[in-house]
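Undergrad: One-letter residues, chain by chain:
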Amino acid sequence: MMRTIRQGLLAGLLAGLLTALLFVVDYGPANSLHGVAHWFGLDSQGAGKLVGFLLILFLGGVFGILFGTVAGRWQPALGRWLLTGLVTGAIWWALVVLLIGTGINHVGLSFGSVLYSLVPLLVYGLLLGSFSYQWRWQNA
Amino acid sequence: MHVSSSDHLTAAHARSEQHERDLLRPVTLSERSLLLLALVRIFVGWLWFQQLFWKLPPDFAGLHRYVVKEGTYTFLPGYSFVIQHVLLPNFLVLGAFTWTSELVVALCLLFGLFTRFGAILAIVLALQLYVGLAYAPGEWYWTYGMLVLLGLVLAAAPAGRRLGVDQWLALRLDGARETSRVARILRWFV
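Sequences listed follow chains F and E, in order.
Each residue of the first sequence is one higher than the one before, counting from 699 in the working numbering.
Each residue of the second sequence is one higher than the one before, counting from 13 in the working numbering.
Just so you know, the hints here were simulated from the structure itself, not pulled from any lab data.
Backbone N, C-alpha and C define an ideal beta-carbon position, used for all residues, glycine too.
Be careful, since some hints might not be right.
Which stretches of chain E does chain F cover? Using the computed rule of at least three CB atoms under 8 Å from a CB of chain F, they are [as the list claims (entries may be wrong)]:
id: 1; region: 53-64
id: 2; region: 100-114
One side only, chain F facing chain E, incomplete, derived with CB under 7 Å [unchecked claim]:
id: 3; residue: 733
id: 4; residue: 807
id: 5; residue: 810
id: 6; residue: 812
id: 7; residue: 821
id: 8; residue: 824
id: 9; residue: 828
So that you can see chain E by itself, here it is in the shape it has in the complex (with noise of 0.2 Å):
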């Protein structure tokens, strides 16, 4: 049988068609993956968790000498102006909400229980932290950079599939997300 050179043109190009495909392959995170993955979210769930007893209510106290703070040394033009004229003034409400979001956060990661939404507010935390303390007298700008970062790696990979709760609830929600569009949305968060 005769091959002329095309044909061999051909196949050599659709096998490079077929390399180059493949590594755009979704990429399946083995189980050890995935334990070691819900480790570093327990381990950062209990992070949250310690923070809170500095700051414990009724009065949350500890908290105020760091919003002080972050009136005098945010880098964000304007921001200094909403701390001293409506978060300080309030700071019984802001003591309230910002114990209880990182109460919600570390019981999120902690029991793996929709860890990417509790991983999504520990961004808008963290977040909030690296503008108001970030350059701070004292601080280390990375501190609040990594809180950060780690919390975006929680919410992009299935954190709480293994050990947590998530693992439950995954394929419960899978299987009412066609009914329900509460189950829809609930399913972006585990």
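Extracted from the complex, chain F is given alone in its bound form (with noise of 0.2 Å):
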């Protein structure tokens, strides 16, 4: 259970990295990672990239440990494992956008930027099941 634990956070650290890499190509650079501070009402002007580069890699880890937690009782099956991983990103996406974001912080939601906070978060889902999918197999 441990050896799952351990993988899930580290697919989820390393999903995390890739969702903040995708965050810091944009025109600022990384301008879209004041956005990722926002929701935790965390932004300014000097530190607010360098705090959503640093939230987006600990709560990838967070839900890496969840994710390698539920799907660690499982065999490795593909499919199951990569909608685990997409339904742990849209579980990421209510709590933090949504409930902390938008409700308590009150962040502006428009149809824009739930397009631009939900699809990466989906898509590192993605990546924290396929690569716990991966490493499950090469360590068994």
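Reconstruct the complex from the two isolated chains, following the hints.
TA: Encoded structure:
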């Protein structure tokens, strides 16, 4: 069990890193990371980008552990793991962007901002499920 | 045992033929190459995804000036007429079609879902941009050329088979293609 949780953590960190890199590539560069910090009310002119980057890494690890705890009990089956990863990404979006960002910190949510936050977090979920599945087989 | 020179020549000829045949052996991509290809696919998908936000519905406003620019600077004879008399008068339809197509490309590439379909659609959209904008002032003609080439790479290689839904879909469609024509067609796009 500990091994699958550790694998979940590592897969979550790696998926989080790639997701954070997606947010780095923009007109800014990395202006999108201000939006991530904004979800928690932690945005600032000087440190907002770094805070956003570290938040994605941290949350990537946390949701990776949750994924590892749940999926670790199952036999590795790619379809199921990818789906669970996508659901994990959707839960991240609902809890952090919708509940904390919009509900508590009153971040405005337009069609564009829903799309720009939901899709990368679903990509995170897909990467999480995919990395976990890959490593589980490699270490089996 | 006596071996004649003609036997030596035949053996040498066979070896050389085998060597030539080996040069044409199909290439198998390594796990690392597949992962690298998947990362390229995701970032190209992100490229298309980000372009949705300066031409958001319902008015697709950001797109309008580019369509006007295409009407002025396209190098394809007759295309200017089509833009000015068919596309611009029906701009909202064009905007909805363009935006939806680009969204489909982005989702296909980001999630590795029917990746080749997404890549082929990307090639079509990028070719249109090349024809319309490559020689407009302030544009670098290779920008759209490279967009076409990126699409070609992702259509040619199995870029969705790692870090993508295609990894799961490919086996399922392989299993079903003996009995289902739809599965056979869908398999082309994975």
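Undergrad: Now tell me if each hint is right for this structure.
TA: Hints, one by one, checked against the model:
Only residues whose beta carbon comes within less than 8 Å of a beta carbon in chain F count, and the region 53-64 of chain E has 6; three or more means the coverage holds. For the region 100-114 of chain E, the proposed coverage by chain F is not satisfied: 0 residues have a C-beta within less than 8 Å of a C-beta in that chain, short of the threshold of three. Checking residue 733 of chain F against chain E by beta carbon gives a least distance of about 12 Å; that is not within 7 Å, so the hint is violated. Proximity of residue 807 of chain F to chain E is violated relative to the hint, the smallest CB-CB distance being about 14 Å (cut-off 7 Å).
The beta carbon of residue 810 of chain F is positioned within 7 Å of a beta carbon in chain E (closest approach about 5 Å), and the interface hint is therefore held. For residue 812 of chain F, the interface hint is violated, the least distance from its beta-carbon to any beta-carbon of chain E being 11 Å, above 7 Å. The criterion of a C-beta within 7 Å of any C-beta in chain E is met by residue 821 of chain F, whose closest approach is roughly 5 Å, and the hint holds. The beta carbon of residue 824 of chain F is positioned within 7 Å of a beta carbon in chain E (closest approach about 6 Å), and the interface hint is therefore held.
Contact between residue 828 of chain F and chain E, as hinted, is supported at the beta carbon level, the nearest pair being about 5 Å apart and thus within 7 Å.
When the structure is compared with the earlier hints, violations turn up for hints 2, 3, 4 and 6 and for no others.
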